[in-house]
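Number of protein chains: 2
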Amino acid sequence: MTAINMLRLDSTNPDFARDLQQRLAWDASDDLDIHQRVLEIIANVRKSGDQALIDYTNRFDRTNFTTAGELELDKAALKHAWDSLPDDQAQALQTAAERVRAYAEQQKLQSWQFTEADGTVLGQKVTPLDKAGLYVPGGKAAYPSSVLMNAIPAKVAGVGELIMVVPTPGGETNAMVLAAAYIAGVDRVFTIGGAQAVAALAYGTETVPAVDKIVGPGNIYVATAKKLVFGQVGIDMIAGPSEILIICDGQTHPDWIAMDLFSQAEHDENAQSILISDNSEFLDQVEASINKLLPEMERAEIIRASMTGRGAFIKVASLADAAEVANRIAPEHLELSVADPEALAAQIRNAGAIFMGRYTAEALGDYCAGPNHVLPTSSTARYSSPLGVYDFQKRSSLINCSAAGASELGKIASVLARGESLTAHARSAEYRI
Amino acid sequence: MTAINMLRLDSTNPDFARDLQQRLAWDASDDLDIHQRVLEIIANVRKSGDQALIDYTNRFDRTNFTTAGELELDKAALKHAWDSLPDDQAQALQTAAERVRAYAEQQKLQSWQFTEADGTVLGQKVTPLDKAGLYVPGGKAAYPSSVLMNAIPAKVAGVGELIMVVPTPGGETNAMVLAAAYIAGVDRVFTIGGAQAVAALAYGTETVPAVDKIVGPGNIYVATAKKLVFGQVGIDMIAGPSEILIICDGQTHPDWIAMDLFSQAEHDENAQSILISDNSEFLDQVEASINKLLPEMERAEIIRASMTGRGAFIKVASLADAAEVANRIAPEHLELSVADPEALAAQIRNAGAIFMGRYTAEALGDYCAGPNHVLPTSSTARYSSPLGVYDFQKRSSLINCSAAGASELGKIASVLARGESLTAHARSAEYRI
Chain A
1 MTAINMLRLD STNPDFARDL QQRLAWDASD DLDIHQRVLE IIANVRKSGD
51 QALIDYTNRF DRTNFTTAGE LELDKAALKH AWDSLPDDQA QALQTAAERV
101 RAYAEQQKLQ SWQFTEADGT VLGQKVTPLD KAGLYVPGGK AAYPSSVLMN
151 AIPAKVAGVG ELIMVVPTPG GETNAMVLAA AYIAGVDRVF TIGGAQAVAA
201 LAYGTETVPA VDKIVGPGNI YVATAKKLVF GQVGIDMIAG PSEILIICDG
251 QTHPDWIAMD LFSQAEHDEN AQSILISDNS EFLDQVEASI NKLLPEMERA
301 EIIRASMTGR GAFIKVASLA DAAEVANRIA PEHLELSVAD PEALAAQIRN
351 AGAIFMGRYT AEALGDYCAG PNHVLPTSST ARYSSPLGVY DFQKRSSLIN
401 CSAAGASELG KIASVLARGE SLTAHARSAE YRI
Chain B
1 MTAINMLRLD STNPDFARDL QQRLAWDASD DLDIHQRVLE IIANVRKSGD
51 QALIDYTNRF DRTNFTTAGE LELDKAALKH AWDSLPDDQA QALQTAAERV
101 RAYAEQQKLQ SWQFTEADGT VLGQKVTPLD KAGLYVPGGK AAYPSSVLMN
151 AIPAKVAGVG ELIMVVPTPG GETNAMVLAA AYIAGVDRVF TIGGAQAVAA
201 LAYGTETVPA VDKIVGPGNI YVATAKKLVF GQVGIDMIAG PSEILIICDG
251 QTHPDWIAMD LFSQAEHDEN AQSILISDNS EFLDQVEASI NKLLPEMERA
301 EIIRASMTGR GAFIKVASLA DAAEVANRIA PEHLELSVAD PEALAAQIRN
351 AGAIFMGRYT AEALGDYCAG PNHVLPTSST ARYSSPLGVY DFQKRSSLIN
401 CSAAGASELG KIASVLARGE SLTAHARSAE YRI
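Protein chains in written order, with the numbering used here: chain A, 1 to 433; chain B, 1 to 433.
Check the hints yourself; a few may be wrong.
No copy labels: a pair is met if it fits in one copy or bridges any two.
Unchecked claim - Derived DSS-like pairs (lysine-lysine); straight-line CA-CA distance at most 30 angstroms:
(1) Lys292 with Lys108
(2) Lys155 with Lys125
(3) Lys411 with Lys79
(4) Lys108 with Lys125
(5) Lys411 with Lys108
(6) Lys108 with Lys155
(7) Lys227 with Lys125
(8) Lys227 with Lys47
(9) Lys155 with Lys411
(10) Lys79 with Lys155
(11) Lys411 with Lys125
(12) Lys411 with Lys292
(13) Lys75 with Lys108
(14) Lys155 with Lys75
Calculated from the structure, these hints are not laboratory results.
Keep in mind it's a predicted model, so treat the numbers as computed, not measured.
Same shape as in the complex, but just chain A:
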């Protein structure tokens, strides 16, 4: 087995910005052929409803459904999955769900209003979405943790009906996924997947209700379908490959850091694991740990491909420099494996989630610490946030003018409207003076 030689960058190098940009670059360009096939699937589901859904499902998932009713799993099936789970898994899922729920409760937006001196009331009313759809991948890539992370914030927000879709390739269901749906409080589950499931959630069929927003991860067909139905419904982010950025002062055991890098790299070959340190000997030690631990890993080949193709070690002059590099990268996951993580976190502006201190492995956050594991990837943490309760709530502005308030505001609105040559606006305001 050849050793992994990590790509090394140095932040004091004049070409550093360019070299870093090159390593971060990720081309998520659309495949026109997939685009076309997904458009066709959406059009057919809109036109033929349940029948199209049955046909596509039988074809892509090798099933033999004949009526749309068979596409739904009833509550008893979910409860059965939960009841038959081994004790340790049930306990772990339950505790994770409780912690995710407790954190989510803190995120809930509240309505507010205030009254001005003349009696005019201004406010913001917060309401949950009526219906939300949750896409869950089927087969081997099915992650029960992902069900908890997507479903619980929706239920905490108060979404009226949460509808999950999960394909069952060859009829195979995943007990832990169904058990997670059960304890997360998912309202209805349909055994459909792919672009056809997204289309059904967006437009509705005779059997599947149309929702207001669709969340959850999926393959390229699912992601393309989500992009194409956006506007008809809301969607969460379209995720790129997962990333971790670790800043370490050189005082954490190098095996710990190597394994934390692996935990990202094992997701897939495009996942990105980057380590920053002000200590170049430590970078050598972590590289040694990587090569020592790699042969023990079940997913060694995926990890190798990810580490050599997309990973990097960055040497910086100081931890303050490290923070600035992190802000430029705007990573999905940022581990601060340093003596004073609070001081360093104060310098971070752009990151999906910040894992502070040597004990806070990203894996703890992936499953059960409480904060969501659905996080902005590909530098989008510069302007977007983790999935949260707020993604299942929306705001309406409230304006209730008193007669006196309307009279004063009417004068201002009239001047501005006439300045914009919008005279019907002006006259509508002037009626209230």
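Based on these hints, arrange chain B on the given structure of chain A.
Chain B only, in chain A's frame:
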């Protein structure tokens, strides 16, 4: 002049849902030719930077710029625009800005954190975007109110640098727009527009800095460019035609209601004005007011086209019915011109902004009441919110595990990770037990 006969719908009619859907339908399908031209403009700006920007600007805006420095308006130019404004306009703009700012201050998200019994700290850190870009249309469609509504929330959020772009077709600037930029606290202004301005903000040139998010309205080229750069930067919503839905109990002067409908219809021929009442005689009275007032309107032909092509009067059995129809429409603007607007507002789940009571004309909210006039259109209020301070802030999750906390969480994470066959995740967690 032929009289306007408003399309009448009745919510008790069995075909009502279908008929309403037909009237609401709005096809925002992409124009492939425009798509292709915008892609080319973006590619050229990425490749040639300032030079492409100068070339496109000279060509599309009939200007004669030779160096990129000429594309920037300095602070003195903005101050001059403000100083030379007539008193009534300056006063109106100032008051509007103060009210928009006071409301926006209420929207600011705050960071929070809590400590668990074992010392583990969980939290959510809120930070402003580093840089934001604001697109402002040039020429006749230039709206100073729109500058205030987009710029003030960004500045209240604490955005580091707010960069405005506004084309100057034929070299013509709009004093009120520049004055609005001045009092809103815009940091830099470039006299560029179209897809080339969006590309410059998204990718940066030698002169124009790259931003993290682009907001503001624009024509089809601007909207297409925003869609295409999404991901590289954040964007606000892509707005459809503006809409108003008025629910009236028949006790407001029909002229007021007619003018409120006009104030939406005068925007453009695709704007949509809908009136709902439980009183069919009142609908007749408003139709009479429409035909009486129309000849007096400066934009009579636009109003006529909008009212006949996209407007509607809906007769309902009760105000509770009206609320349900409103929830189905999820209007951008909802006027509750009724005796008890609080009671009715309590039944509304889906609306961008709710204007309560007979005195609260939408026009007051468009200019100066305080809440933002950038609102979700085309039924997207089902899942999205008015533009606000929160659009210029993002959240990072914080996780800081104590040794004891990491040990407990590590056990749970290990079980769940092994259940998902992610052993590097499991081992990373197990190191902390």
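Indicate which option fits the pair Lys108, Lys125 if close means a Cα-Cα distance not exceeding 30 angstroms: within, between, both or neither. Answer is both; intra-copy 13 angstroms and inter-copy 15 angstroms each pass.
Taking 30 angstroms as the upper bound on the Cα-Cα distance, should Lys155 and Lys75 be classified as within, between, both, or neither? For Lys155 and Lys75, the Cα distance is within 30 angstroms only inside one copy (16 angstroms; across copies 49 angstroms).
Have a look at Lys155 and Lys125 and pick one of within, between, both or neither, based on CA distance no larger than 30 angstroms. both (19 angstroms within a copy, 23 angstroms between copies)
Within, between, both or neither: how does the pair Lys108, Lys155 come out at a Cα-Cα threshold of 30 angstroms? both (11 angstroms within a copy, 24 angstroms between copies)
With 30 angstroms as the alpha-carbon cut-off, assign the pair Lys411 and Lys125 to within, between, both or neither. within (27 angstroms within a copy, 41 angstroms between copies)
Intra- versus inter-copy proximity for Lys108 and Lys292 (alpha-carbon distance at most 30 angstroms): neither (45 angstroms within a copy, 49 angstroms between copies)
Using 30 angstroms as the alpha carbon limit, work out where Lys227 and Lys125 are close: within a copy, between copies, both or neither. This pair counts as both: shortest intra-copy Cα distance 28 angstroms, inter-copy 29 angstroms.
Is the C-alpha distance from Lys411 to Lys108 at most 30 angstroms within one copy, between copies, in both cases, or in neither? between (38 angstroms within a copy, 29 angstroms between copies)
Should Lys155 paired with Lys411 be assigned to within, between, both, or neither, using CA atoms and 30 angstroms as the limit? Answer is between: at 26 angstroms across copies they meet the 30 angstroms cutoff, but 45 angstroms inside does not.
Give the relationship of Lys411 and Lys292 under a CA distance limit of 30 angstroms: within one copy only, between copies only, both, or neither. Only across copies: Lys411 and Lys292 sit 24 angstroms apart there, 76 angstroms inside one copy, limit 30 angstroms.
Within, between, both or neither: Lys411, Lys79 at alpha-carbon 30 angstroms: between (62 angstroms within a copy, 25 angstroms between copies)
When no copy is specified for Lys75 and Lys108, does a C-alpha distance of 30 angstroms or less occur within a copy, between copies, both, or neither? within (27 angstroms within a copy, 41 angstroms between copies)
Hint check: a violation occurs at hint 1 only; the rest are consistent with the structure.
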